[in-house]
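S.K.: The chain contents come next:
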Amino acid sequence: MSEPKPLSLHVPQPAVRPGDKPDFSGVHIPRAGTVPRPPVDVAPEEIRDLAYTIIRVLNRDGEAVGPWAGTLSDADALQGLRDMMKVRVFDARMLMAQRQGKTSFYMQCLGEEAIACAFQKALSPGDMNFPTYRQQGLLVAGGYPLVEMMNQIFSNDADPLHGRQLPVMYSARSHGFFSISGNLGTQYVQAVGWAMASAIKGDTKIAAGWIGDGSTAESDFHAALVFASTYKAPVVLNIVNNQWAISTFQGIARGGAGTFAARGHGFGIPALRVDGNDYLAVHAVARWAAERARRNLGPTLVEYVTYRVAAHSTSDDPSAYRPKAESDAWPLGDPVERLKNYLIGRGVWSEDRHAQYNAEVEAEVLAAQREAERHGTLHSGGKPSVRDMFEGVYREMPPHLVRQRRQAGV
Amino acid sequence: MTMIEAIRDAMTVAMTRDANVVVFGEDVGYFGGVFRCTQGLQQKFGAARCFDTPINESGIVGTAIGMAAYGLRPCVEIQFADYVYPAYDQIVSEAARLRYRSNGDFTAPLTIRMPTGGGIFGGQTHSQSPEALFTHVAGLKTVVPSNPHDAKGLLIAAIEDDDPVIFLEPKRLYNGPFDGHHDRPVTPWSKHALGEVPEGHFTVPLGRAVVRRPGAAVTVLAYGTMVHVAIAAAEATGVDAEVIDLRTLLPLDLETIQASVARTGRCIVVHEATLTSGFGAELVALVQEACFYSLEAPIGRVAGWDTPYPHAQEWDYFPGPKRVGEALLEAMAG
Chain A
0 MSEPKPLSLH
10 VPQPAVRPGD
20 KPDFSGVHIP
30 RAGTVPRPPV
40 DVAPEEIRDL
50 AYTIIRVLNR
60 DGEAVGPWAG
70 TLSDADALQG
80 LRDMMKVRVF
90 DARMLMAQRQ
100 GKTSFYMQCL
110 GEEAIACAFQ
120 KALSPGDMNF
130 PTYRQQGLLV
140 AGGYPLVEMM
150 NQIFSNDADP
160 LHGRQLPVMY
170 SARSHGFFSI
180 SGNLGTQYVQ
190 AVGWAMASAI
200 KGDTKIAAGW
210 IGDGSTAESD
220 FHAALVFAST
230 YKAPVVLNIV
240 NNQWAISTFQ
250 GIARGGAGTF
260 AARGHGFGIP
270 ALRVDGNDYL
280 AVHAVARWAA
290 ERARRNLGPT
300 LVEYVTYRVA
310 AHSTSDDPSA
320 YRPKAESDAW
330 PLGDPVERLK
340 NYLIGRGVWS
350 EDRHAQYNAE
360 VEAEVLAAQR
370 EAERHGTLHS
380 GGKPSVRDMF
390 EGVYREMPPH
400 LVRQRRQAGV
Chain B
0 MTMIEAIRDA
10 MTVAMTRDAN
20 VVVFGEDVGY
30 FGGVFRCTQG
40 LQQKFGAARC
50 FDTPINESGI
60 VGTAIGMAAY
70 GLRPCVEIQF
80 ADYVYPAYDQ
90 IVSEAARLRY
100 RSNGDFTAPL
110 TIRMPTGGGI
120 FGGQTHSQSP
130 EALFTHVAGL
140 KTVVPSNPHD
150 AKGLLIAAIE
160 DDDPVIFLEP
170 KRLYNGPFDG
180 HHDRPVTPWS
190 KHALGEVPEG
200 HFTVPLGRAV
210 VRRPGAAVTV
220 LAYGTMVHVA
230 IAAAEATGVD
240 AEVIDLRTLL
250 PLDLETIQAS
260 VARTGRCIVV
270 HEATLTSGFG
280 AELVALVQEA
290 CFYSLEAPIG
300 RVAGWDTPYP
310 HAQEWDYFPG
320 PKRVGEALLE
330 AMAG
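From first to last, the protein sequence lines stand for chains A and B.
So for the first sequence, numbering that gives the first Met the number 0 puts the first residue at 0; every next one is plus one.
So for the second sequence, numbering that gives the first Met the number 0 puts the first residue at 0; every next one is plus one.
Calculated directly from the structure, the hints in this document are not laboratory data.
Each residue gets a CB set at the ideal place from its N, CA and C atoms; glycine is no exception.
Some hints here could point you the wrong way.
[Stated by the list, open to error] In silico lysine-lysine, BS3-like type, Cα no more than 30 Å apart, as pairs:
1) A:Lys200 x A:Lys231
2) A:Lys323 x A:Lys20
3) A:Lys4 x B:Lys43
4) B:Lys190 x B:Lys321
5) A:Lys204 x A:Lys231
6) B:Lys43 x A:Lys323
7) A:Lys20 x B:Lys43
[As the list claims (entries may be wrong)] What the simulated footprint calls covered on chain B by chain A, stretch by stretch (three residues with Cβ under 8 Å from a Cβ of chain A suffice, anywhere in the stretch; the number is not a length):
8) 28 to 37
9) 46 to 55
10) 123 to 135
11) 295 to 309
The following block holds chain B by itself, in its conformation from the complex:
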């Protein structure tokens, strides 16, 4: 199934199993969301459990916090990650800290889904990757799936988690495993092994990375769309790279990272978000601390340039397989 279908399936499973799961956001009710991730949920579960909201992201998250504190498990949609900023105060000052400041008297088990990343000519308001704004906040978990299988398992795990979870959906992966070659035909998920999604309930636990492509020469840390880009770059350059799909940025599976870098002795970090103070900086620091004596070369970073996401120059901005390939070769030369 596609990633859209997998996400919809996850919400269907969660809503069927637990009457406390509610889904809402802009255009998510009758219409089923602008990317159709919630299509049919209102018809299936009724308007009190899946509904359209006023266009107010702060209101969406703020009411979700109130509901979560009451005992529901809201799974809300922000139409694009680029629209989340009005809700940032509610996320940072409220959802993230409610457990801590009330000493567990109140908690906020909610999931905030949002499409992220570029590659659809969406310009600066439909392309951003703001994951570092959430990983920097104590009290939040941040998840970025790279395929339909994980998207379903991770979303069910997120909804069942007792803490607030930011669930970033790379929109360029909704319909196929995009590897950065924008000039080539799109492969559908139906032709990819990870488009095979088990029926019914299953979870991919939060905090576990997975080796997506085994290799011995260099470790690539990636998540979301960049997992596919990294694999394409490894294949194009012939570098025996081990590509790790982090899946959850926080909590982070440092063990898997450490085991790989200890073997390869080299590491690069790739993400689509801007470079400076990006999540890559945290990864580089952690690898340096944990694996310094195994490292044979500086840890490289490939990221979006530190500019707003441009419209016309999208493919010059996007850190595609060419740039990742160059970083691989550089890591090998180092």
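Bound conformation, chain A alone:
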């Protein structure tokens, strides 16, 4: 053997950067309907290939095909379309509100609506999501009032969180939505703990953890997997792979692993990869994973393959690090368009009804915004009280905080 050459550091780079032609040739997409659907009690080692493919139901012609099809009635699918449209309109209005200075910050989920909206429909009352900041669809699809979301976003005097938290970091126990901290990955392992508690108590509730592709690099992701694996916790561990972690492409977090789903293999956790822009596929896989958890068969790791069409947040400018037209080139299409075409094909929807519903939902969101704005926005109108700033640090206010509140003169 020859002498080894000097070492060099491998730093992964995305295929393209601003000015380049978008290139998703590395995303291998199987035809819809071709991936088998195993029974929920399948042994993890028998479905290792499901971590390397993409489960898809909706084909190019807008038909639902294959063994993962058929989990939703037309009425349920229609509701799914309405939910996604509502999320999209809501996001657009809140983005505009941020631009108008009515809030400090906003985060859209444009292009990813199917994931949270369809997943929520696979849960039962009493189940708990531990979401990231891009799962507003869980609340919308779960029927949480839009005006309450806006009150939180505007930090106004009706904000259920009293102005304490950054906009979009909702908390809604009644709707199975755990308080979002804003730190990355920290809550994935808490979802496992919640699920373990349900098992300890002999309940029937399950939990769902949420994380982004970038945050799977956090140590808490790995902690979650090992605890879920060891105790067979009744939890669905969701990874939303939207390709970009602010400016960092998914290859940095994925490293040498073939896919994010494949991370489950070392832990013996069944791992599936699904088309995140296919509402029907997301729902079918979510239901499969939720059923496994409910039947005490343990955790499932699910990777949703999607694309973050919008900026990371209102503080971000993606044109500095990725081609402008990249989202148009994304090969899995738009989740709203795809479900719309399916429902039109089923004869239960039409372009006219779509346009009409869009107008209705715009009116609904606008009405909610008017109501929320009556309670104030970040810099005008009603505000949470300064006195309240000192509340809720402890159950009972300790003497030093009582002193400080007096000092503050409130």
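Let chain A serve as the given structure and place chain B on it in line with the hints.
M.R.: Below, chain B without anything else, positioned relative to chain A:
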């Protein structure tokens, strides 16, 4: 130049002079960091010396310790100080103690940069000031610049230092000398004397404070954003306050503090971090020990309230010029 440009300039100088200096963190490579402090460094020095990392703060600091022990001088970025906690074990149990426990067999000369403080409506996850969590740990040095000139000189000194340095960058100062008057237009650094930053290599030595505003009536100990707030408060109240910019919290320049308090006989301490067990408590104890017989009034403290950093009530939380002014008047009355 702005503080962002000064910090970038410091890393450019350090990387140019020493091939062992490497820079990495979340979004710092191609994009150049969410605050753009590392913009252009990857293009200039290559991806092996400035690169994006996985989102894992423990991993960022842990690998930096390994590299530092090997002989490199990593200067890593934690995107917000609020995100540093997953790395805390690596910082406290590893970086801080490596020299001591190996009796110098291995050392960890690394710099950990992180934006700190509030004032940008960042809520509880983008506003914290965790300096006391680092000053409490034996083996770490902790630096907080208040202006572009010092930021460059201190950062070069930190990178060249043979011990681990925590380098806290008050993010509200990145683009101008913010004095707490959030309702007034922002002054850019280009209109401030300390926005004048020398070209090339220079250092501001670690462990030296500076009198930022001379005065005879009361000494104000401050660092970072609060230096500007304290000066504004002194001007608004007319109190002849001497404002000391500590610049480095550890090692601390006790001599400068002592000389000032011995003259003024009065002292207040201000920081944005929460009050209880904050760095102010250490300062008050030191001043009391060193200057007890010069003191004519109790030493006052102005700090963030002992609550998480709120979003909507940001300006009620932030210890602005009004509260600092009241403390000045109280110190004078005492």
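S.K.: None of the hints should be skipped; say for each whether it holds.
M.R.: Okay, the hints, checked on the actual structure:
| no. | hint | result |
| --- | --- | --- |
| 1 | A:Lys200 x A:Lys231 | holds (15 Å) |
| 2 | A:Lys323 x A:Lys20 | holds (9 Å) |
| 3 | A:Lys4 x B:Lys43 | holds (25 Å) |
| 4 | B:Lys190 x B:Lys321 | holds (24 Å) |
| 5 | A:Lys204 x A:Lys231 | holds (14 Å) |
| 6 | B:Lys43 x A:Lys323 | holds (24 Å) |
| 7 | A:Lys20 x B:Lys43 | holds (24 Å) |
| 8 | 28 to 37 | holds (count 4) |
| 9 | 46 to 55 | holds (count 8) |
| 10 | 123 to 135 | holds (count 3) |
| 11 | 295 to 309 | holds (count 5) |
Checked against the numbered hints above, the structure violates none of them.
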